Amino acid sequence: MTSNVDPRRADKINRYKPVDSANQGAGVGDDLMPDYMNILGMIFSMCGLMMKLKWCAWLALYCSCISFANSRVSDDAKQVLSSFMLSVSAVVMSYLQNPAPMTPPWQTA
1 MTSNVDPRRA
11 DKINRYKPVD
21 SANQGAGVGD
31 DLMPDYMNIL
41 GMIFSMCGLM
51 MKLKWCAWLA
61 LYCSCISFAN
71 SRVSDDAKQV
81 LSSFMLSVSA
91 VVMSYLQNPA
101 PMTPPWQTA
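Under the UniProt record's numbering, the sequence shown has 97 at position 97, and the numbering climbs by one with no breaks.
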């Protein structure tokens, strides 16, 4: 016994409509965390390079990794890569200037 009755309800079908991010601005669809982490990574990189603070350099590398992991395909890859390379250079330069192990900021040396 074959039945030709279609169980789908045509009035309940909702077609997918992609969100146009150009018209939306910084609305519901935008995730700003990669941008914030990118800026924080650059700030911590500069602090690590200028003030020779190893914990700032490591924190910059951590922020850059978070920014890279959460970035979208449409984001500017050059900016994410430059932030990542700046944080890596901050870690390398801080250990080249002082190869001693890192001390926590709350510990007096």
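Hints in this document: simulated from the structure, not taken from any laboratory.
Please read these numbers as outputs of a predicted model, since none were measured by experiment.
It is possible that some hints are incorrect.
[What the hints assert, rightly or not] Straight line, CA to CA, 25 Å or less: simulated SDA-like cross-link-like pairs of lysine to any residue:
1. Lys-54 <-> Asp-11
2. Lys-78 <-> Asp-35
3. Lys-52 <-> Met-93
4. Lys-52 <-> Ser-71
5. Lys-52 <-> Lys-12
6. Lys-54 <-> Asp-31
7. Lys-52 <-> Arg-9
8. Lys-54 <-> Lys-12
9. Lys-54 <-> Ile-13
10. Lys-52 <-> Asp-76
11. Lys-78 <-> Leu-40
12. Lys-52 <-> Pro-7
13. Lys-78 <-> Trp-58
14. Lys-78 <-> Cys-65
Evaluation of the provided hints:
1. Lys-54 <-> Asp-11: violated (62 Å)
2. Lys-78 <-> Asp-35: Holds, at roughly 13 Å.
3. Lys-52 <-> Met-93: Roughly 8 Å separates the two Cα atoms, so the pair holds.
4. Lys-52 <-> Ser-71: Status violated; Cα separation ~29 Å.
5. Lys-52 <-> Lys-12: Violated, at about 62 Å.
6. Lys-54 <-> Asp-31: violated (30 Å)
7. Lys-52 <-> Arg-9: violated (66 Å)
8. Lys-54 <-> Lys-12: Violated, at roughly 58 Å.
9. Lys-54 <-> Ile-13: Judged against 25 Å, a Cα distance of about 57 Å means the pair is violated.
10. Lys-52 <-> Asp-76: Violated, because 29 Å separates the two Cα atoms, which is more than 25 Å.
11. Lys-78 <-> Leu-40: Holds. Lys-78 to Leu-40 sits at ~17 Å (cutoff 25 Å).
12. Lys-52 <-> Pro-7: violated (69 Å)
13. Lys-78 <-> Trp-58: holds (21 Å)
14. Lys-78 <-> Cys-65: With a Cα-Cα distance of about 14 Å, the restraint between Lys-78 and Cys-65 holds, given a limit of 25 Å.
Checked against the numbered hints above, the structure violates hints 1, 4, 5, 6, 7, 8, 9, 10, 12; every other hint is satisfied.
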